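In order, the protein sequences belong to chains A and B. For what it's worth, the numbering used here labels the leading residue of the first sequence as 54, then goes sequentially. For what it's worth, the numbering used here labels the leading residue of the second sequence as 42, then goes sequentially.
Be careful, since some hints might not be right.
Claimed, not checked - Subject to a maximum C-alpha distance of 25 angstroms in a straight line, what follows is the list of computed DSS-like cross-link-like pairs (lysine-lysine):
no., chain 1, residue 1, chain 2, residue 2
1, B, Lys269, B, Lys58
2, B, Lys357, B, Lys333
3, A, Lys61, B, Lys287
4, A, Lys120, B, Lys346
Read the hints as simulated data drawn from the structure, not as lab findings. All of these numbers come straight from a predicted model, not from anything done at the bench.
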Amino acid sequence: MCLGVPGKILAIKENGLALVDVDGNQMDVSIRLTPEVEINQYVLIHAGFAMEIMDEEVARETMQLIKELENNEFATGVFEPSAG
Amino acid sequence: MSSQPEYLSRLLDEIVKEEREIALMEVCGTHTMAIAKSGLRALLPHNLKLLSGPGCPVCVTAQGDIDAVIELAQKPGVIMVTFGDMMRVPGTTSSLQEARSQGADIRVAYSPLDALAIAQRNPDKEVVFLGIGFETTAPAVAICADQARVQGLSNFSVFSLHKVVPPALEVIFSMPDMKIDGLICPGHVSVVIGLEPYIKLVEEYHRPCVVTGFETQDILEGIYMLIKQIRQGEAKAEIQYQRVVKSAGNPVAQQILEEVFQPSDARWRGIGNIPESGLEFRPEYQAFDARKRFNIADREDIPIKGCACGEVLTGKITPQDCALFGRACTPLKPIGPCMVSHEGACAAYYRYSPPTPSKKG
């Protein structure tokens, strides 16, 4: 879906990647679309890419919304891969 | 300062005051879901209609394109990598899920970066990423093609069915049988494209456009901003979702899209061909174009019998008006794509306002 997932930047790595925390899970995402991002900032992640930098409060409310929307029998979880 | 429930109720009161017949359209699958979940439609007066538009990328993919994808996935030596919501979309005779059960190598990925990694691990296979999505997704795919070029990865290609939203909005505004008074514009597509495409739209069609977030409060504010403009006889492009969307969009994403892709004709389910609404590789990146690599010709769109997804996607009918809705077509046994993708209008309506058993079909 076109709804990104918020994550917190834990470390900037090589090759345009960063280690992020998404709701307690750590994963690598590409920061090629947000090259100015810094450690401890929050980003909106879509399809493995940080699309935009966001503040912590917006990140928290977006994660809450995703959990509400995904809480139905057709969605398999927050990280369901989708095209939106 | 008032509490949130008080604020929501005040917003709703302001909206309900409007007595004119007004039709607003949302063009984002996440809005479709969020509106259905919020129960807002039941709270709004009958004169105020919220219609779902062509906002779900899987749903708007043409039937002929789905058939071509399924056929390519079955080619020996091909690994097809796709987002999960494409797996169950029915083609004319099969689906990617059925093709996989019959032995085709089809893998679900979270990111196109996964497809690059699969290509690196399988140098003797052709790895094709199924590029479906609007401006939110296409920059990620563009970066992967660029990365494949830099790495000299010759067994990676993309079947680009990417589409851009603004040309479809123009078509919606131009339809003689549709009267849309304002648009609830997509939140995260706009993170990339910014406000400019909507400024052009309002100049041309004189109907308000408001980029809106996904919370119930966002949606009510977005609707209120649209109605306020309509009351005042104005047509402006505005951003309600300023917490995330900037007027300029994401210039880095716009630039990579521009570098890798060029506009092309694209077929949309329910609408047909829309000039310059697709994204095809520029000549410098043609080596990564799966259509060229595998000589894929355009396929005819064979309609699914009885399926009204096309009418649903253009807001001409609501899902409950389709004869198949909730009877022959359910999320467990979907007939059309709008019931497959969980952000499709039919799936959202089914989940949050299912058909009543007593209603005769």
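Discussion item. Please verify whether Lys269 (chain B) and Lys58 (chain B) have alpha carbons no more than 25 angstroms apart.
Written reply: holds (11 angstroms)
Worksheet item: Taking 25 angstroms as the top limit, are the C-alpha atoms of Lys357 (chain B) and Lys333 (chain B) close enough?
Response: violated (36 angstroms)
Discussion item. Hint check: Lys61 (chain A) vs Lys287 (chain B), CA-CA at most 25 angstroms. Holds or violated?
Written reply: Answer holds: Lys61 (chain A) to Lys287 (chain B) is near 20 angstroms, not above 25 angstroms.
Discussion item. For Lys120 (chain A) and Lys346 (chain B), compute the direct alpha-carbon distance and say whether it is at most 25 angstroms.
Written reply: violated (36 angstroms)
Hint violations for this structure: numbers 2, 4, all remaining hints satisfied.
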